[in-house]
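Turn these sequences into a full structure, and let the hints guide you.
The listed protein sequences derive, respectively, from chains D and G.
The opening position of the first sequence corresponds to residue 1 in this note's numbering, with each subsequent residue numbered one higher.
The opening position of the second sequence corresponds to residue 1 in this note's numbering, with each subsequent residue numbered one higher.
Worth flagging that the hints you see were computed from the coordinates, not collected in a lab.
A portion of the hints provided could be inaccurate.
To be verified - Here are the computed lysine to aspartate or glutamate pairs in the DMTMM-like style, where the Cα-Cα straight-line distance is at most 25 Å: (1) D:K112 x D:E134; (2) D:K80 x G:E18; (3) D:K86 x G:E35; (4) D:K80 x G:E35; (5) D:K86 x G:E18; (6) D:K86 x G:D12.
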Amino acid sequence: MNHDKQMIRVLIAKVGLDGHDRGVKIVARCLRDAGMDVIYTGLHRSPEEVVTAAVQEDVDVLGVSLLSGAHMTIFPALLKLLRERKAEDIIVLGGGVMPDEDVVKLKEMGVKEVLLQDTPPEQIVTTVRRLVAERGPR
Amino acid sequence: MAAVVPSLELVDRVCAGEINAIARLLTRAEAGSAECRPALDEIYRRAGRAHVVGITGVPGSGKSTLVARLAREIRASGRKVAIVAIDPSSPFTGGSILGDRIRMNDLAGDPGIFVRSMATRGALGGLARGTLEAVDILDAAGFDMVIVETVGVGQDEVDIVRASHTTVVMSAPGLGDDIQAIKAGVLEIADIHVVSKCDRPDANKTLIDLKAMLIMGLALARVPGWKVPVLATSSARGEGVAELFDAIVRHRAALEAEGGIDMRRRMIAERRLLKAAEGIIADRFEQHRGGRIADLLGNVMGRQTSPYAAAVELLNEIGMED
Chain D
1 MNHDKQMIRV LIAKVGLDGH DRGVKIVARC LRDAGMDVIY TGLHRSPEEV
51 VTAAVQEDVD VLGVSLLSGA HMTIFPALLK LLRERKAEDI IVLGGGVMPD
101 EDVVKLKEMG VKEVLLQDTP PEQIVTTVRR LVAERGPR
Chain G
1 MAAVVPSLEL VDRVCAGEIN AIARLLTRAE AGSAECRPAL DEIYRRAGRA
51 HVVGITGVPG SGKSTLVARL AREIRASGRK VAIVAIDPSS PFTGGSILGD
101 RIRMNDLAGD PGIFVRSMAT RGALGGLARG TLEAVDILDA AGFDMVIVET
151 VGVGQDEVDI VRASHTTVVM SAPGLGDDIQ AIKAGVLEIA DIHVVSKCDR
201 PDANKTLIDL KAMLIMGLAL ARVPGWKVPV LATSSARGEG VAELFDAIVR
251 HRAALEAEGG IDMRRRMIAE RRLLKAAEGI IADRFEQHRG GRIADLLGNV
301 MGRQTSPYAA AVELLNEIGM ED
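The structure is reproduced here in structure tokens:
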């Protein structure tokens, strides 16, 4: 087992009033099978809870799944909290169902990538690896 | 992007309790990188104040849920608490899903509580590689109590007792009879026994079996002046948590009063020295398996040299190295 290599750590979260967690569990499983450490925090979390967990866990990637339509409220809140906690080096990744024009705006705000509902599992894995490689060591 | 901060520069920030620095050093300690060794050496010298509490038990016995309840009780006493929660890695891909935090989310608003998840990375014994260093870091960071929640264990994973001052073993109702309770192994290492889910009707049977086991073993008390209690908890009803916290504090006091604490510290030190040496050998082995020890390996494979004799040569080889 490769214990000298730093593992990619990913926190996967569902935020707010959104009870649809089948997709997020599949994503967690894909990343696990790609050899990553995946921390899953469960349903109905607040942005504060998620950011606190991400900072304490020192994750490389914070992946937030939203199917509730609240993405234009929740992502800005997450990004603001990450800045306040001096954790801008955590890569924010969005997933779920959201309109294309919102995806453009989210990326302008600082969400690194948005993976919509029809993204194949391999693409999720390669995206996470690519974003972590682009960020470089920290 | 941003410059990489050397681990040694993180040490002062860790000791000042800075969350981001603690989190980053934990990551490096877990990865076991050579770069962070001197920093961890310094951390070790500065640690040693925290009360380290190990919580172990079978999978699904309710460890995470109880730890979350216990953390709140500890906070109510004014102490700062850190939790290291361990879950298994996949033996096939090395990946993991760390889900202990699901039960601990309502702790997030309190800066006096720090929770960190770790994966076992193939380590046996209930702890993860880097767990002991993680405890040092959290200790040096000023947490009064550090709780280590082991991976769900079976009957023989007893590493936790060599890492903690107080070991709590959790049993859940309905998992075995009185013969399970007199077997050797995990049940023997408890300083405190907890039977969880005591809102369930069959919990009394488990309580009785454990108490009977302890009466049989009375003559073997590991800590003078300490009678191992069997506590009933129900996280669903919030029962028994205050009693558990009280027992943990009393156990530490008993250790201090009877000189048991030095025995524990010696045991932990011995264990850690041995573990560290094992780690160094394993690393050197990996480093040189294709090189200077390849001949040695070939001899073992060809049955010219026994593994034992070759190991003695291997140690000489490593000893001469630097």
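Check each numbered hint from earlier against the structure, then list the numbers of those it violates in ascending order.
The structure breaks only hint 4.
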